[in-house]
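Using the sequences and the hints given, assemble the complete structure.
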Amino acid sequence: MSKFQKKQAKTKQQVPTAAMPDIIFMLLIFFMVVTVLREVELQVRVDFTRADNIEKIEQKRLVSYVYIGPEILGGGRYGDTRVQIDDALVDDIYAIRRLMYDKLMEEPRLIVSLRVDQKSEMGIVSDVQEELREAGTLRINYSTLRGAEAPM
Amino acid sequence: MQLKKRSREVAEVPQAGMADIAFLLLIFFLVVTTIDVDTGIGMQLPPPPDPDQEPPPIRERNLMNILVNAQGFILINEERASLPEVRQLVIDFVDNVNRAQDPNLSEDPRQAIVSIKTDRQTPYEIYIDMLDEVIGAYRQLRDEASMREFGIPYRQYQARVSREDNVIREMYPQNISLAEPDPGT
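The listed protein sequences derive, respectively, from chains A and B. Note that the working numbering gives residue 40 to position 40 of the first sequence, counting from 1, and the numbers run on in steps of one. Convert by adding 1000 to the 1-based position in the second sequence; the result is the number in the working numbering.
Treat the hints as calculated values from the structure; they're not laboratory data. A portion of the hints provided could be inaccurate.
[Claimed, not checked] When the alpha-carbon atoms are kept at most 35 Å apart in a straight line, the in silico DSBU-like pairs for lysine-lysine are as follows:
| no. | chain 1 | residue 1 | chain 2 | residue 2 |
| --- | --- | --- | --- | --- |
| 1 | B | 1117 | A | 119 |
| 2 | A | 60 | A | 103 |
| 3 | A | 103 | B | 1117 |
| 4 | A | 103 | A | 56 |
| 5 | A | 60 | B | 1117 |
| 6 | B | 1117 | A | 56 |
| 7 | A | 119 | A | 103 |
| 8 | A | 60 | A | 119 |
| 9 | A | 56 | A | 12 |
[Unchecked claim] Across the chosen pairs, the derived CB separations fall in these ranges:
| no. | chain 1 | residue 1 | chain 2 | residue 2 | range |
| --- | --- | --- | --- | --- | --- |
| 10 | B | 1056 | A | 32 | 51 to 59 Å |
| 11 | B | 1020 | A | 89 | 39 to 47 Å |
| 12 | A | 102 | B | 1163 | 23 to 31 Å |
| 13 | B | 1054 | A | 146 | 40 to 48 Å |
Ideal placement from N, C-alpha and C gives every residue a C-beta, glycine not left out.
Here's what the structure looks like:
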């Protein structure tokens, strides 16, 4: 028989559960605060490009999104490249001017995040940029993901 | 007079189920939460052109023209360049004073302007790749200057000072001009 017998712990092994609801509530409140419910229904396809030298947008409240990409027709088919702001497709590109101007009046430090599909052409992007210039919303951000550039 | 009968029962909310309710809510919020961070390349657009005002004169040597054409080729001052070369070319151009001191490149980083032009058919992806390289060049220059002056990377320095006091930013302002594209064919 061994001399050094392991001592058995006398205390009962039990996790105290009294504070558990409090912990759960804390987690709950955390997730409630960080949750942003899906704000728009995308009607255009937006596959982001990738870039390395990017910055984070710290103040999400200042951001307004402009989506540019091929229209989703359903059944895996895509139409022409369109512009979507908030929940609607923009038919007349000159309407962006007024839309963005109104947003700028509400939030003078507005940042416009351009979420452009990677297969788009620059023509429509620069049209939108021209409109933004006219509206006076000069701070823009080309939304990209972090990562190595996609192979050409 | 008739007295109202008071109930002796102690009004108590049962608390045993509270944790379960909290759990349910927690799981709901866990599922719907998407913690997506917005990242991207920040740019400042120029204000709309004033028809009465002539653009200020810019000396030829202080301007670097980058054109990305419809085929996705990058032309720097009319010469073909490949994407990995762009960064070094921009660095040489902007920081000419501290490097080669070529009389054809910029006089001073503060006066250097990188003008980016595209065609209407230019693929967006290649434009972003190129812009990424240009921003990367500026970042590298700022990093080097920050290491030289303060011994810390630019990112740390930037976090430490306010935007107005940022001398590195003043040394290497990102003068990137986005020109309107040519109406392509």
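Comparing the hints with the structure gives:
| no. | hint | result |
| --- | --- | --- |
| 1 | B:1117 to A:119 | holds (18 Å) |
| 2 | A:60 to A:103 | holds (15 Å) |
| 3 | A:103 to B:1117 | holds (28 Å) |
| 4 | A:103 to A:56 | holds (22 Å) |
| 5 | A:60 to B:1117 | holds (30 Å) |
| 6 | B:1117 to A:56 | holds (25 Å) |
| 7 | A:119 to A:103 | holds (28 Å) |
| 8 | A:60 to A:119 | holds (26 Å) |
| 9 | A:56 to A:12 | violated (50 Å) |
| 10 | B:1056 to A:32: 51 to 59 Å | holds (52 Å) |
| 11 | B:1020 to A:89: 39 to 47 Å | holds (44 Å) |
| 12 | A:102 to B:1163: 23 to 31 Å | holds (28 Å) |
| 13 | B:1054 to A:146: 40 to 48 Å | holds (42 Å) |
The earlier numbered hint that this structure contradicts is number 9, and it is the only one.
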